[in-house]
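Asks: Listed below are the residues making up each chain.
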Amino acid sequence: MTILDQIAKLGQGGLVVVGNLGRAGMIVALALLGPPDFRHGPALLIRQLYSVGVFSLLIIAVSGLFVGMVLALQGYNLLIRFDAVEALGQAVSVTLVRELGPVISALLFAGRAGSALTAEIGLMKATEQLAAMEVIGVDPIRRVVRPRLWAGIIAMPLLAQIFNVVALWGAVIIGVGWLGVGADAFWTNMQDYLEFRRDIFNGVIKAAVFGGVITWIAVFQGYNTVPTSEGISRATTRTVVYSSLAVLGMDFLLTAVMFGVN
Amino acid sequence: MQSRAIELAVGLFILAGILALAFLAIQVSGINREFDSKSTYQLYAEFNNVAGLTRKAKVTVAGVQVGLVTAITINPESMRARVDMVISSEVKDLSEDTIAAIQTAGILGEKYIALSPGGALETLSDGDRVHDTQSALILEELVGKILTSRATNP
Amino acid sequence: MIRALTAALLCLAGLCMATHAAQNCNGDCDPLEKPESPYQLIVDNTERVLTLARSARSYFQDDPERYFKQVSEIVDSLVDTERFTRGVMATYASPQRYQALTSGEEKAHFQARINYFGSILKHDLIYTYAKALLDFADERIETLPPARDAITDKYARIEQKIYRPGEAAHLIQYSLYRAPGESWKLYNVIVDGINIGHIFRNQFAYAVEKYRGNIDQAIANWSTEQTVDNWQENKTNP
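Chains as they are written, first to last, in the numbering used here: chain A, 1 to 262; chain B, 1001 to 1154; chain C, 2001 to 2238.
No lab work stands behind these hints: they were computed from the structure.
Just so we're clear, the structure is a prediction, and the values are computed from it rather than from any experiment.
Each hint should be verified, as a subset may be incorrect.
BS3-like cross-link-like pairs, simulated, lysine-lysine; straight-line CA separation at most 30 angstroms [as the list claims (entries may be wrong)]:
1. K2107(C) - K1111(B)
2. K1056(B) - K2107(C)
3. K1092(B) - K2069(C)
4. K2161(C) - K2122(C)
5. K1092(B) - K2161(C)
6. K2122(C) - K1111(B)
7. K1092(B) - K2154(C)
Part of the chain C face toward chain B, derived, beta carbon under 7 angstroms [what the hints assert, rightly or not]:
8. Q2099
9. T2102
10. P2145
11. K2185
Don't be surprised by glycine CBs; every beta carbon is placed ideally from N, CA and C.
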């Protein structure tokens, strides 16, 4: 009996997971498909870009600066053992542009913007604003979810590039200014190695994918929340945990696809 | 008033992001390197072995960078590596018996192509092939050769 | 060890040059005969030189000059000495440098220097390496059919494999050049990936640097400084 119960429980859990996945997929499909709303769309999008993008700018820039400085410091200490400090620019920029830029800014984005999104939508649900929208004939998915999703997809690559540039300057401050690596060697080695298509463009793609995934998880968790204050707090936590895991997992997959061959 | 400020902030944000991307594209990946500009000509050479030469590797004359490698492919018939390179137009009149040698720079083993001009009367021009090459030397092969020649000629 | 290796490679290179330089002129030598394809040229001359070397083994001890003379004739007919020499002298023989000269006297000296150095190089090649051929016994030589794009109007690259007993096969690549209206001639060899012309070119540049830009002095001291065997010495110690 107990075994049967457990199997039933397992099946039920599976059903819930699959059901949630289906609902999450439908939310995305409904949000991204369908005719664009030219009347309200741009204003809503700008509003969301403001709250997910501009608000994340400060934390991204400050973290970027420190990450770049740490990278330069560690890279220098490692490279000086091989008498190859000229490769510092190359090492730092490859690490940043390919991996740390998109991933760290995505993790920060999940903490800063993703959690806020979940809480916002969860609160809308708890205060029955979503239901009210349906009553007055406004599709909440298109009105609420769509602009947020697009804002995530657009804002994330921009944030990642800003992160990269600030981090690079952090590395220049430490590497060139403080540790005395030649500025020419720093930049030339970097330029000799990095390629736009392979490194920078792939980094942009990564960031866009991360932005979409994080916002998707955040929006769905908000939409799916139990409409109590405890439910909202749990949903917010789940957003951060799930989207961090998703970012790291997706990063591996994307890296394997983009850089795996060469 | 409120929404105007938001629009401005978002506009600045997008502008900053695009500028960052442009900076990375131009400064970091080196799209602005002089050898991508128009004042270049193309040469190619075939090697038995390029051993780790990569695209964008330097091409030098007397140690001075004069160009870079633009493509490395396999010639399907001879199964040799074909290396395409662009050379700055300032370096003209390379003789036809110029030798292209693959050499190694620095402790990290970065490979580059050293062009060594010869004394032939004809000169290479755009699209020509550098006929004489010196492939990368593989240490293991050299050691193997010394061993076999030692074994037979003690 | 590097020195020994270089010497070994140079020997091999010389051997191959001489191999291809050789032509069996036992009475029926026809200097006007021009094999049409560079591949055939290499194949024919490989065969000829092997025959020559085998027959020379019987009379070499008594009349070495006869053998060297025969090799010399073949080198003349097969090697583009001027092109090889210009390749070795590299920028010191370049047309740009020639044009920079002002007086006719200087220009004449410039060309004479190339010719003189060419004769030295040729002499070295013949006397140093022709005898290496005499040790040729059980080798098997296979000339590989050239890839279609290995032969153009002016340039050709022919590959050959030499199998010596107890050794890894050696890969020889011959660089041939055909001036408009003339026959194919050899101007460089790559032995097991070592570009011999490149090595000579570097050595010459080094020598000129050593004599502080005095090209004539570099040439005057060329032979004595190269790691070549003295055939006289070898003759007395067979």
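Asks: Take the shortest C-beta to C-beta distance between P2145(C) and chain B; is it under 7 angstroms?
Replies: 11 angstroms, violated
Asks: Within a Cα-Cα threshold of 30 angstroms, do K2107(C) and K1111(B) meet the stated pairing?
Replies: Distance ~40 angstroms between K2107(C) and K1111(B) Cα, so the pair is violated.
Asks: With a cut-off of 7 angstroms, does the beta carbon of T2102(C) approach a beta carbon of chain B closely enough for the hint to hold?
Replies: 20 angstroms, violated
Asks: What's the verdict on K1092(B) and K2069(C), does the C-alpha distance respect the 30 angstroms limit or exceed it?
Replies: Given pair K1092(B), K2069(C) is violated - Cα atoms ~42 angstroms apart, limit 30 angstroms.
Asks: Go through the hint on K2185(C) and say holds or violated, using the shortest Cβ distance to chain B against 7 angstroms.
Replies: 13 angstroms, violated
Asks: Would you mind confirming whether the straight-line C-alpha gap from K2161(C) to K2122(C) stays at or under 30 angstroms?
Replies: 24 angstroms, holds
Asks: Run the distance test for K2122(C) versus K1111(B): straight-line Cα separation, threshold 30 angstroms.
Replies: 35 angstroms, violated
Asks: Assess, step by step, whether the Cα of K1056(B) is no farther than 30 angstroms from the Cα of K2107(C), and give holds or violated.
Replies: Violated. K1056(B) to K2107(C) sits at ~41 angstroms, over the 30 angstroms cutoff.
Asks: Keeping to a limit of 30 angstroms between CA atoms, is the pair of K1092(B) and K2154(C) held or broken?
Replies: Cα-Cα ~21 angstroms, so holds.
Asks: With the threshold set at 30 angstroms, check whether the alpha-carbon distance from K1092(B) to K2161(C) stays at or below it.
Replies: 37 angstroms, violated
Asks: Answer holds if the nearest beta-carbon of chain B is closer than 7 angstroms to that of Q2099(C); otherwise answer violated.
Replies: 10 angstroms, violated
The structure shown violates the earlier hints numbered 1, 2, 3, 5, 6, 8, 9, 10 and 11.
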